[in-house]
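For the protein sequence lines, the chains are A and B, in the order given. The numbering of the first sequence is the working numbering, which starts it at 1 and goes up by one. The numbering of the second sequence is the working numbering, which starts it at 1001 and goes up by one.
Note that these hints are calculated values from the structure, not bench results. These numbers were taken from a predicted model, which means no experiment stands behind them. Don't take every hint at face value.
To be verified - One side only, chain B facing chain A, incomplete, derived with CB under 10 Å:
#1 Val1046
#2 Arg1132
#3 Asn1142
#4 Leu1179
#5 Gly1181
#6 Thr1183
#7 Pro1197
#8 Ser1206
#9 Lys1212
As the list claims (entries may be wrong) - Label-pair distances were calculated between CB atoms; the ranges are:
#10 A:Arg127 x B:Glu1110: 12 to 20 Å
#11 A:Pro99 x B:Thr1158: 23 to 31 Å
#12 A:Asp119 x B:Asn1114: 42 to 50 Å
#13 A:Thr167 x B:Ser1250: 21 to 29 Å
#14 A:Lys303 x B:Ala1098: 49 to 57 Å
#15 B:Asp1127 x A:Glu190: 39 to 47 Å
#16 A:Glu202 x B:Gly1181: 44 to 52 Å
Claimed, not checked - Capping the alpha-carbon separation at 16 Å, the derived lysine to aspartate or glutamate pairs in EDC-like fashion look like this:
#17 B:Lys1212 x A:Asp165
#18 A:Lys8 x B:Glu1159
#19 A:Lys102 x A:Asp165
#20 A:Lys221 x B:Glu1188
From the three backbone atoms N, C-alpha and C, an ideal C-beta is built for every residue, glycine too.
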Amino acid sequence: MDVTIRVKRQDPEAEDERRLPYWEEFPVTIADNATVLDALIQIREDNDGTLSLRCSCRSAICGSCAMRINGHAGLACKTIVNSVVQDGVITVEPAGVMPVMKDLVVNFDMFWEKIEAVDPYLKHMGREPEGEYIVSNDAMLHLSGVTACIMCGACVSDCTVLEVDPTFLGPAALAKAYRFTADPRDGDAEGVSMERLWALSEPTGIWDCTRCNECVQACPKGVAPMDRIMAIREQAIQAGYDNNNGARHTDAFTESVGHSGRLDELRLPIKSVGMMNLPALMDYMPVAFRAMRRGKMPPIMHKNVDNVEAVRRIFNRTQPEPAAPQVSNNSPFG
Amino acid sequence: MKYAFFPGCVSQGGAPELYPAARLVCSRMGIELEEIPGWTCTGAGVIQEKNQLFGDTLNARNFAKAEQMGLPILTICSTCQGVMSQANHRMRNPEYLAEINSHLAEEGLEYSGNSEPKHLLWILIEDYGLDRLGALVTRPLNELKIAPFYGCYIVRPTEALDIADHPERQQSLEMLIELLGATLVDFEGKTRCCGFPILTINQRNSMAMVGKHTSEVKDLGADAMVTPCPLCHLNLDGFQPKAASQARRSIDLPILHMPQLIGLAMGISPGELGLKRHIVSTGPLEVKLRRR
Chain A
1 MDVTIRVKRQ DPEAEDERRL PYWEEFPVTI ADNATVLDAL IQIREDNDGT LSLRCSCRSA
61 ICGSCAMRIN GHAGLACKTI VNSVVQDGVI TVEPAGVMPV MKDLVVNFDM FWEKIEAVDP
121 YLKHMGREPE GEYIVSNDAM LHLSGVTACI MCGACVSDCT VLEVDPTFLG PAALAKAYRF
181 TADPRDGDAE GVSMERLWAL SEPTGIWDCT RCNECVQACP KGVAPMDRIM AIREQAIQAG
241 YDNNNGARHT DAFTESVGHS GRLDELRLPI KSVGMMNLPA LMDYMPVAFR AMRRGKMPPI
301 MHKNVDNVEA VRRIFNRTQP EPAAPQVSNN SPFG
Chain B
1001 MKYAFFPGCV SQGGAPELYP AARLVCSRMG IELEEIPGWT CTGAGVIQEK NQLFGDTLNA
1061 RNFAKAEQMG LPILTICSTC QGVMSQANHR MRNPEYLAEI NSHLAEEGLE YSGNSEPKHL
1121 LWILIEDYGL DRLGALVTRP LNELKIAPFY GCYIVRPTEA LDIADHPERQ QSLEMLIELL
1181 GATLVDFEGK TRCCGFPILT INQRNSMAMV GKHTSEVKDL GADAMVTPCP LCHLNLDGFQ
1241 PKAASQARRS IDLPILHMPQ LIGLAMGISP GELGLKRHIV STGPLEVKLR RR
């Protein structure tokens, strides 16, 4: 088939205008079942040897060729031309968030720094087991969903939080963290990774995720980083690290709906930042005042839904088993 | 056409202008809405992160009630759409569905697993028909430049939202804007996050997102942005002054709920559609519309 590959190019080291991003179009004739990577390699071989891209295995294992295809991150070697061509055109850009080194090649330093920041190795607290550490098949099978990560950076590329805040740990590193918090060999004798859960509950960690699902959509290996972040949130709350706005928000939300059937929008933000947190509450006053002037405030008296008893019974019936031992919210690790 | 109506909490809480606007526009289109009695919150994805079973059971309860009414579900909230679709997707597992039904039995309810809740936006395109809607456009919005803002839940994850079977869902807002006669202002951020879920957790980042999207669209010359999500509206409209002050610039971009845009094109007055309740003034946009 005939297709135009529209590539966003840039050479930050160039001394002419090519140091700024510009678009270049390459018409190619290629098999219907070829991949976007095939097309790019063909361009490099036949049209322009200066086109820079990373690739190696061509079979979605090495994680080298993540880039934005029609605006969304994915592996070029796993994306069939035929499945993404729109009106004869495919748009290809470098991965987002990370700085461009040249054309489709980005600098992965921040990606690796974040992975390193979550201590990506087993940390067993207390006494080492005397013999071999036997782990159940189920536990390992569960972890295989996360260890499928090939570190391609597609999730980081499309993360909506990293786009505005580079200090966020991000989806890849947090999914990697889950690989350890969910490993029965990590943490204390019960497999609870107290130290990690405490650290991950701090700002730039699990609670900064917006739940936008971009990483779930972008991941070519089904790791679903966002779902792992949600699972760590649950682990952290169960471990007692609930003295933060994120945990309070989740708690207050669930209780409001569990008690009345619907969300009490007036009280939720107050409970999230903390009833006694006067500076934060004052911060909302201008917004609340503007809303009130426009008749937009949620009702002061929050009403229950009809037959609310049924909702409360469902709430009680679906409560999880009692949690792991509680700890204080101050770090026991200094 | 008649639907079991699921309005969602925000359309009667933080964005109270949406509920009457949606009802008004639907009645003009001949879409009859019968509210699901005693409907509950979907959990908004928040309950699901703490207790997925509770959140999903609440959704099954709403679905079961709609089944008793014998009507398909219509919602006007993207977040509700996404959470309902995700819960429904999980309930395709018969064991999980049975577990959930065991919690509904006490109330005499049972969910079949066959409900297909749909946002008004999808219904207009898939069930109602854009031709039919086009015939109701008496006041084409030719002088307006409008940018779409989907937010997250109505476009991702694509698997739960059946996007493969309905690819047009990812173009639906653009199709609507053009049908109503307005000029489409397309921009990359239309499917990104508005920042609302982290508003009380990391307000700085939340405001950075609001500021980024609204100022980008403003700089592209748009008169307004339209969204099918009342939560996006809360952040993009209600918190836009705060976002502008963080970004140290003026933005003043009106944000319209999807039914409001449709209503304007039907010749319904801005007052009846609740535009006066917005935080960012829709005045300049109304002046443009009056000028003809």
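Here is what the structure says about each hint:
1. Because the smallest distance between the Cβ of Val1046 of chain B and any Cβ of chain A comes to about 4 Å, under 10 Å, the interface hint for this residue holds.
2. A least Cβ separation of about 27 Å between Arg1132 of chain B and chain A goes past the 10 Å threshold, and the interface hint is therefore violated.
3. Look at Asn1142 of chain B: its Cβ only gets to about 25 Å from chain A, farther than 10 Å, so that hint breaks.
4. Residue-level restraint check for Leu1179 of chain B is violated (minimum Cβ-Cβ distance to chain A is 20 Å; threshold 10 Å).
5. The restraint placing Gly1181 of chain B at the interface with chain A is violated, with a minimum CB-CB distance near 24 Å, outside the 10 Å limit.
6. The beta carbon of Thr1183 of chain B comes no nearer than 20 Å to any beta carbon in chain A, farther than 10 Å, and the hint placing it at the interface is violated.
7. Residue-level restraint check for Pro1197 of chain B holds (minimum Cβ-Cβ distance to chain A is 5 Å; threshold 10 Å).
8. At about 8 Å, the closest approach between the beta carbon of Ser1206 of chain B and any beta carbon in chain A falls short of 10 Å, and the interface hint on this residue holds.
9. Below 10 Å, beta-carbon pairs count as interface contacts, and Lys1212 of chain B has one with chain A at about 6 Å; its hint therefore holds.
10. Taking the beta carbon of each, Arg127 of chain A and Glu1110 of chain B are about 52 Å apart, not inside 12 to 20 Å as hinted.
11. The given range of 23 to 31 Å is respected by Pro99 of chain A and Thr1158 of chain B, whose C-beta atoms sit roughly 29 Å from each other.
12. Checking the proposed 42 to 50 Å range against Asp119 of chain A and Asn1114 of chain B shows it holds: the Cβ atoms sit about 47 Å from each other.
13. With their beta carbons about 28 Å apart, Thr167 of chain A and Ser1250 of chain B fall inside the hinted range of 21 to 29 Å.
14. At roughly 33 Å, the beta-carbon separation of Lys303 of chain A and Ala1098 of chain B lies outside the given 49 to 57 Å, and the hint is violated.
15. The hinted window of 39 to 47 Å between Asp1127 of chain B and Glu190 of chain A is violated, with their beta carbons roughly 52 Å apart.
16. The supplied range of 44 to 52 Å is met by Glu202 of chain A and Gly1181 of chain B, whose beta-carbon atoms lie about 51 Å from each other.
17. For the given pair, Lys1212 of chain B sits about 12 Å from Asp165 of chain A by alpha-carbon distance, which is consistent with the 16 Å threshold.
18. The straight-line distance between the Cα atoms of Lys8 of chain A and Glu1159 of chain B is roughly 29 Å, outside the 16 Å bound, and the hint therefore fails.
19. Note on Lys102 of chain A and Asp165 of chain A: the hinted pairing is violated, with a Cα-Cα distance of about 23 Å set against a maximum of 16 Å.
20. Proposed proximity of Lys221 of chain A and Glu1188 of chain B is contradicted: the alpha carbons are some 25 Å apart, above 16 Å.
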